[in-house]
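Peer 1: Given next are the chains, with one letter for each unit.
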Amino acid sequence: MLITHDLTYRYPGAATTFRFPDLSVDRAGTLLLLGPSGAGKSTWLHLLAGVLSPLAGRMELDGVDYAALSGAKLDRFRGRNIGLVFQRPYFVDALTVEENLAIARRMASLPPDPELLRTTLHQLGIDDHADRLPGQLSVGEQQRATIARALVNRPKLILADEPTSALDRRNASRVSALLRERAAELGAALIVVTHDERLRDDFRQVVELTSLATPN
Amino acid sequence: MSLFSLAWRNLLYRPWTTLLSVILAALGAGLISIVLLLNWQLEQQFDRNLAGIDLVVGAKGSPLQLMMSSMYHISSPTGNVPLDAVKPFLNPEHPYIGLGVPLSLGDSYRGRRIVGTRPEFLELYGGTLARGTMWTEVMDVVAGATAARELGLDLGDTFQSSHGLIEDDDLTHRNAPRFRVVGVLAPTGTVADLVLLTPNESLWAVHDTHDHDHADSSAAPGYDVTAPLTRYGDESITSVLLRFRGTSVAGLNMQRSINENTEMQAVTPSIQLSELYATVGQGEEILRLLGYVVVGVSILSIFIGLYSSLDRRRGELALLRSLGAGPGKLFGLLLLEGTLTAVTGALLGLALSHAGMALIGRYFAENYRYDFRTLVFLPEEAWILLAALVVGALASLLPARRAARTDVHDTLAGG
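Just so you know, the protein sequences line up as chains A and B, in that order. The numbers in full-length UniProt numbering rise by one with no breaks, and the one at position 162 of the first sequence is 162. The numbers in full-length UniProt numbering rise by one with no breaks, and the one at position 274 of the second sequence is 274.
Hints listed in this document are in silico derivations from the structure and should not be mistaken for laboratory results. All values reported here derive from a predicted model rather than from experimental measurement. Hints are supplied without guarantee of correctness; some may be wrong.
[What the hints assert, rightly or not] Lysine-lysine pairs mimicking DSBU-like chemistry, simulated, CA-CA at most 35 Å apart: (1) Lys87(B) to Lys60(B); (2) Lys73(A) to Lys156(A); (3) Lys60(B) to Lys73(A); (4) Lys156(A) to Lys329(B).
Work out the full structure: start from the sequences and follow the hints.
Peer 2: Here it is in structure tokens:
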């Protein structure tokens with residue numbers, strides 16, 4: 001499903017190059033990238049998300065090498081195939097929770113599907129908040145809303161960046177379970193990047209990072 | 001959820017900033033538009049009533065006042081002139097003068113001016129009778145269309161005039177003979193609609209009794225209103241409106257000769273009008289400049305509103321990028337927000353300027369009996385909207401560029 005090969009990245013003007021281990025995640029497979037802050041986890045995640053473009057290497061999702069895509073093609077590929085859950089819950093503040101989900105479909109040029117929006121919100125237990133502004137939700141509800149948004153385009157790959165670091169133990173395991181359940185249901189590969197050791201046992205594959213940066 | 005409605009929602013999400021920008025844009029557009037509308041209305045009113053009049057001859061005084069009172073029936077006349085002095089201008093055989101229309105002014109009925117004249121008056125303004133007949137006797141009245149409608153006058157109605165031009169019961173000529181409506185004019189779209197026409201002799205008749213109220217009011221001295229005015233001797237009128245035969249240098253010489261050699265003055269309306277426009281134009285210019293300044297401030301307000309919102313919306317914009325929106329879409333979003341603000345403001349401004357015109361129109365209608373058409377939309381107003389579009393785009397250009405350059409990685413990883 002997701003295969004990466006010889007991925008490298010270098011920040012403009014930087015003296016070091018990141019070299020990332022090869023990954024292979026099956027349909028509905030789960031992978032935990034575990035490591036301390038500053039190891040290059042976010043960089044890796046953003047490469048996998050198509051937010052950054054690699055210096056070299058291949059990334060294939062369902063047979064498409066999106067490391068080679070750029071510009072509008074990459075934007076569209078990302079919007080349609082990759083669901084992102086960020087460390088902090090970002091929303092379009094002026095729109096309701098449900099409209100935030102709708103805009104995700106719109107930005108990926110997918111047709112509107114109000115039914116799907118409602119079921120997704122329902123599955124995450126926040127359908128009562130559909131018509132509220134994101135700013136009016138609690139942190140936990142906001143987190144679930146961002147997960148709902150990551151799911152709403154039925155992506156093939158779900159990437160989450162420290163989704164549990166701000167949560168207590170009970171909520172952390174709930175979010176972890178939610179992510180895994182929904183990914184499995186969609187048949188999407190799930191990759192979580194974190195320094196949160198609590199998640200270690202929830203994932204089939206765990207990759208531990210020390211430092212990925214090597215001198216040029 | 002289109003880009004358009006997203007822009008709209010973003011604007012409504014920060015209502016006070018948006019309101020300020022909209023109000024400023026409305027003020028700017030409103031000022032510029034009301035100057036346009038006023039200018040158009042004035043020129044319409046004045047130019048339509050020029051009626052090809054080349055020269056106004058009347059008593060010495062302010063030339064503007066002579067023109068205003070004799071042609072536009074605003075302000076009071078400059079005084080009277082002896083009929084003997086203007087007789088040459090009323091001669092149909094005059095080599096240079098195509099049309100000479102004598103006017104006797106100064107009386108009114110319920111705020112509508114009574115104009116003593118000869119049937120040639122109708123020739124000037126293209127007036128035709130809608131009902132009734134032309135006058136045949138002293139005190140017969142042919143009413144202008146608007147005047148008849150608003151005073152509720154119909155054929156056979158009679159009334160007494162009052163001295164002066166304001167509505168005042170104390171000034172009514174109580175002992176004077178009554179005027180009688182014998183005809184009503186069809187609308188002409190000119191000042192002829194606004195006045196009550198009667199033979200010059202009617203005003204003399206009113207003032208004969210008025211000046212010597214011991215006299216028998218029924219004994220009007222043998223006036224013949226169908227004969228030329230030149231047959232009378234010892235009377236006076238207010239002014240004469242002249243139309244020349246063709247355009248001749250002789251006309252200009254006539255004006256100079258009247259001004260230099262007689263106790264009267266001659267005024268060229270087109271010259272007076274351009275002087276008037278020049279005076280009014282200065283006020284307009286100031287209003288227009290003020291409008292431009294406000295537009296400048298509104299550009300600044302839209303710019304600052306958008307630019308400062310970017311700091312707060314950095315994460316939001318990065319999010320939209322991550323969801324598949326290209327830089328062009330973010331650019332378009334901000335551009336839309338700016339132009340929507342400006343165009344909404346401009347629409348509001350146009351609405352306000354028309355409401356303002358309606359008020360001004362009512363004032364003019366009450367005080368000068370002039371009818372302003374307030375629901376006229378000028379092609380220039382479409383230009384104002386187009387300009388608002390450009391202004392909005394201009395104001396949002398820099399913020400839009402910054403939004404388009406949002407770095408997704410830096411923003412989302414940096415937290």
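Peer 1: In ascending order, which of the hints set out earlier in this document are inconsistent with the structure?
Peer 2: 3
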